[in-house]
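Participant: One letter stands for each residue in the lines below.
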Amino acid sequence: MSPIDKKTLEQLTACAGAYNAYESDQVMTWCGGCGNYSIQNALKRALVLEKIAPKDVLSCFDVGCSGNGSDKIETYTIHGLHGRVLPLAVGAKIANENLHVIAAAGDGATLSEGVNHLIHAVRSDYPILFLHHDNQDYALTTGQASATTPQHCKMNGTPQGVKIDVINPLDLVFSAKPSFVAQTTSADIDHMTDIIREGLNHKGFAFIQILQSCPTYNKMMTDEWLMKNTQRVEELESYDVHNLIEARAFIEKSEKIPLGVLYKNPRKGNFIQTLSHREQYKTTLIEEVKHVNIERFIKKL
Amino acid sequence: MERTRIKIVGQSGSGLLTAGELISKGLQKLGFHLCADREYPSLIKGGHSCYTINFSETPVKSLSRDADILVAIDKHSLVAYFDTLKKDGVFIHGYEKMTNIPDILKKVEERNIETVNLPSRQIAFENGGTVQMANIILTGMTWKVLGFEFELIERLIKEKFAKKEALLNVALKCLRAAYDGVSVETRLIASLPKEKNETILLDGNHAIALGAIHGGMRFYVTYPMSPSSSILTHVANMSDDTGVVVKQAEDEITAVQMSLGAMFAGTRSMTATSGGGYDLMTESVSLAGIIENPLVIVLAQRPGPGTGLPTWTAQGDLNLAIHSSHGEFPRVVIACSDPSDCFDNVQHAFNFAEKYQVPVILLTEKVVCESKMTLPSFAQNKIKIERGLASNLDSLKQEDRYKITESGLSTRWLPGGCDTTFFANGDEHDERGVLDESEKAGDMYAKRMRKLDLIKANLPKPKVYGPEKDADISFVGWGSSKTVMEDIIAQYGEQDVSVNFLHFEVVWPLEEEALNMFFVQNKNVHLLEGNYGGQFGMKVEALGHMFAGKFLKWNGRPFFIEDVCDYIDNHTKQ
Chain Y
1 MSPIDKKTLE
11 QLTACAGAYN
21 AYESDQVMTW
31 CGGCGNYSIQ
41 NALKRALVLE
51 KIAPKDVLSC
61 FDVGCSGNGS
71 DKIETYTIHG
81 LHGRVLPLAV
91 GAKIANENLH
101 VIAAAGDGAT
111 LSEGVNHLIH
121 AVRSDYPILF
131 LHHDNQDYAL
141 TTGQASATTP
151 QHCKMNGTPQ
161 GVKIDVINPL
171 DLVFSAKPSF
181 VAQTTSADID
191 HMTDIIREGL
201 NHKGFAFIQI
211 LQSCPTYNKM
221 MTDEWLMKNT
231 QRVEELESYD
241 VHNLIEARAF
251 IEKSEKIPLG
261 VLYKNPRKGN
271 FIQTLSHREQ
281 YKTTLIEEVK
291 HVNIERFIKK
301 L
Chain P
1 MERTRIKIVG
11 QSGSGLLTAG
21 ELISKGLQKL
31 GFHLCADREY
41 PSLIKGGHSC
51 YTINFSETPV
61 KSLSRDADIL
71 VAIDKHSLVA
81 YFDTLKKDGV
91 FIHGYEKMTN
101 IPDILKKVEE
111 RNIETVNLPS
121 RQIAFENGGT
131 VQMANIILTG
141 MTWKVLGFEF
151 ELIERLIKEK
161 FAKKEALLNV
171 ALKCLRAAYD
181 GVSVETRLIA
191 SLPKEKNETI
201 LLDGNHAIAL
211 GAIHGGMRFY
221 VTYPMSPSSS
231 ILTHVANMSD
241 DTGVVVKQAE
251 DEITAVQMSL
261 GAMFAGTRSM
271 TATSGGGYDL
281 MTESVSLAGI
291 IENPLVIVLA
301 QRPGPGTGLP
311 TWTAQGDLNL
321 AIHSSHGEFP
331 RVVIACSDPS
341 DCFDNVQHAF
351 NFAEKYQVPV
361 ILLTEKVVCE
371 SKMTLPSFAQ
381 NKIKIERGLA
391 SNLDSLKQED
401 RYKITESGLS
411 TRWLPGGCDT
421 TFFANGDEHD
431 ERGVLDESEK
441 AGDMYAKRMR
451 KLDLIKANLP
461 KPKVYGPEKD
471 ADISFVGWGS
481 SKTVMEDIIA
491 QYGEQDVSVN
501 FLHFEVVWPL
511 EEEALNMFFV
521 QNKNVHLLEG
531 NYGGQFGMKV
541 EALGHMFAGK
551 FLKWNGRPFF
561 IEDVCDYIDN
571 HTKQ
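If you read the protein sequences in the order shown, they are chains Y and P. Reminder that position 301 of the first sequence reads as 301 in the numbering used here, one-by-one numbering, no gaps. Reminder that position 59 of the second sequence reads as 59 in the numbering used here, one-by-one numbering, no gaps.
Incorrect hints may appear among the rest.
[Said to hold, decoys possible] DSS-like, lysine-lysine: derived pairs with alpha carbons at most 25 Å apart: (1) Lys382(P) / Lys290(Y); (2) Lys403(P) / Lys461(P); (3) Lys256(Y) / Lys177(Y); (4) Lys456(P) / Lys403(P); (5) Lys300(Y) / Lys440(P); (6) Lys55(Y) / Lys440(P); (7) Lys461(P) / Lys300(Y); (8) Lys299(Y) / Lys107(P); (9) Lys299(Y) / Lys382(P); (10) Lys97(P) / Lys300(Y); (11) Lys107(P) / Lys290(Y); (12) Lys299(Y) / Lys355(P); (13) Lys440(P) / Lys384(P); (14) Lys299(Y) / Lys196(P); (15) Lys382(P) / Lys397(P); (16) Lys55(Y) / Lys107(P); (17) Lys86(P) / Lys107(P); (18) Lys550(P) / Lys299(Y); (19) Lys299(Y) / Lys160(P); (20) Lys51(Y) / Lys154(Y); (21) Lys300(Y) / Lys355(P); (22) Lys55(Y) / Lys397(P); (23) Lys194(P) / Lys299(Y); (24) Lys440(P) / Lys299(Y); (25) Lys299(Y) / Lys403(P); (26) Lys382(P) / Lys469(P); (27) Lys290(Y) / Lys163(P); (28) Lys300(Y) / Lys456(P); (29) Lys397(P) / Lys300(Y); (30) Lys300(Y) / Lys164(P); (31) Lys469(P) / Lys51(Y); (32) Lys456(P) / Lys384(P).
Calculated from the structure, these hints are not laboratory results. The model shown is predicted, which means the values in this text are computed figures rather than measured ones.
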């Protein structure tokens, strides 16, 4: 684990009060060593470092261990249904684009129950930040296999081992022409903080894949394993973050799991920007709820 | 009240919709009242379709089973629909080989039917057109039979094909040839109305789109499903002018979740679907229930189960609307019956949803969605926008959002609206939104349920049509049965039999007082409902009332005026 750099540490120390505003007084309910602690920590750090106030944040949580973080952060928060966090968050963002909308969901929600939402969120480039908590299992339902559980692992409900191949979430996202794809890990809180900050500043759909340790049900992908088997792409000499085809190929051929912003295209034009008929509108949809004169339409009847 | 009943029949894609709409528009311009609807199969080309128009000098809101004028675009539909044509009727067609249909010719003779026939394909070819011009030719023939001026129908066709010059020229030539080809000696059916009624002409889906936009809906998100789909068309067509955001989502779950999220953030948003799509939405309806989030879903009914009859009508999803979704929570179900109350009720739906922080289901039926009716123009700004939002933003505490109150209603404010954040939790929660698994969880549950009493105390009174009491025969119903009953009551008002009708717009929760009174004051009360089980009837019976009879219909057709006449005649004879 790399030590936090001095400048960031100073910045964080200077805004300790702001950080505390995000802290809730609820009892932690995750297992000891769960990746969720550091993910939430990194998220709060990123928000504070980006000088975003809790009142301007809408956190949207799916159901599962990640969803149990919903009462551990003080923002406007909604804890919805399993698999459905993306459209819920998107609806809120379309209504009020001034909100920083963050959605969080696990690999069960994202790649099984609601995989259709992921594809269309990427394709539509909805301007929200999405944290994909990928611990390679269903934890809250006591350790069943997910779409990212490696082949041959024996899980609750699959005593013979998982027979079918995994879905690679990065490859799936790349296939839908994303505008921002990053990978980080719960083992490295500073790296997560940096990546989430980049995601917060992205103007389209920011997909952040977080390789998350699950000490109870995933004995293979420990923090130590993650630190040993990953490599930051920013440390590579010739990595081109703007080349989708190469990025997609790189995740396949890289010996170590690549971390960092793997691809970004700030020029794609997010969903809200594509609403050309609203170019002259300076307001958000929540400010426009009033009677609209329909005389011009009635005349044609 | 004399109505003239026209049926235009042909294969889907043969242009009968254009013919029906042109004739309807013409009749409206002449000052008639009318009601028109299209029966069609769930395909784009082929199959029998029928466009029914009923028009009169006085208001007409229901459809007929039978026809005075049958306009046939092709042979197959002619055979399929011929028996709807009544004695002394007029049979208009463009089919050249009448010798192929001896049975029809025999019936023409027996029923004293007048045939108006021109060779439509020949006229089309002679004027540079194709067989596709048959609808225009039949429009011209029908217009002449009705005895109306050529210039009006010519002007409407010019408007219709304004952007297709070459087609317009051919259409006008065909129209002229057809109009002139029909002898002025034919039976002229209609005379112009003495008073020219100024009306608008539209269907229920169009009215919902207009009502929603007028009532402040800024985000419409849906997945197409008959018979709700044309709401999307209408809202989208108004988006350039109004800035409303329209999204065709990847599925119904997405549509309802986006709508829920948008309402949570604080705009007015709506989604629409039919039964199958609504089934997919039900988990989200339940979420709206527990987080006390406003939600408006239009549930456009068609016969089920399964894919059922996608393009036909039904009232079979009342129980679905009232009882769908896991757990118990308050909701409001409102049913529309005609374009006029579609326009109003969609605005009421938003007010109910926001004031009481509940999901609202707006029920329509295919016959409501797609029947075009003439009606007085909409009154704007009549229904106040009521949002039920907090004004004391400076003094809010987190726990105010889900405060356990006597009425069940807690303070609602919008994300980003003030420094006091709140937590909307789909898990059972305490006043701060935090998961609560203690026995006190029941207190939050009861708080939500108390809102049902609050809503019940503030319901509009259901309306009695016809005399208040002592009717010879009475009916109770909801949704589209109102339109047929309005016509029936007007018709029987001129006869010896007195008929009345208690109509519910808000079908859940039930306003019991008016119901009790109606049963006390009337002794021969019947149920009129478009499903097999009599779903609404069961709600009424659960309150201890007994129906003298039930008129139920579930074959995809609406209640035609003749159906109800027959039923009344059978149940009032001494």
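Participant: Please flag the earlier hints that this structure goes against, numbers listed from lowest up.
Facilitator: 2, 5, 6, 7, 8, 10, 11, 12, 13, 15, 16, 18, 20, 21, 24, 25, 26, 27, 28, 29 and 31
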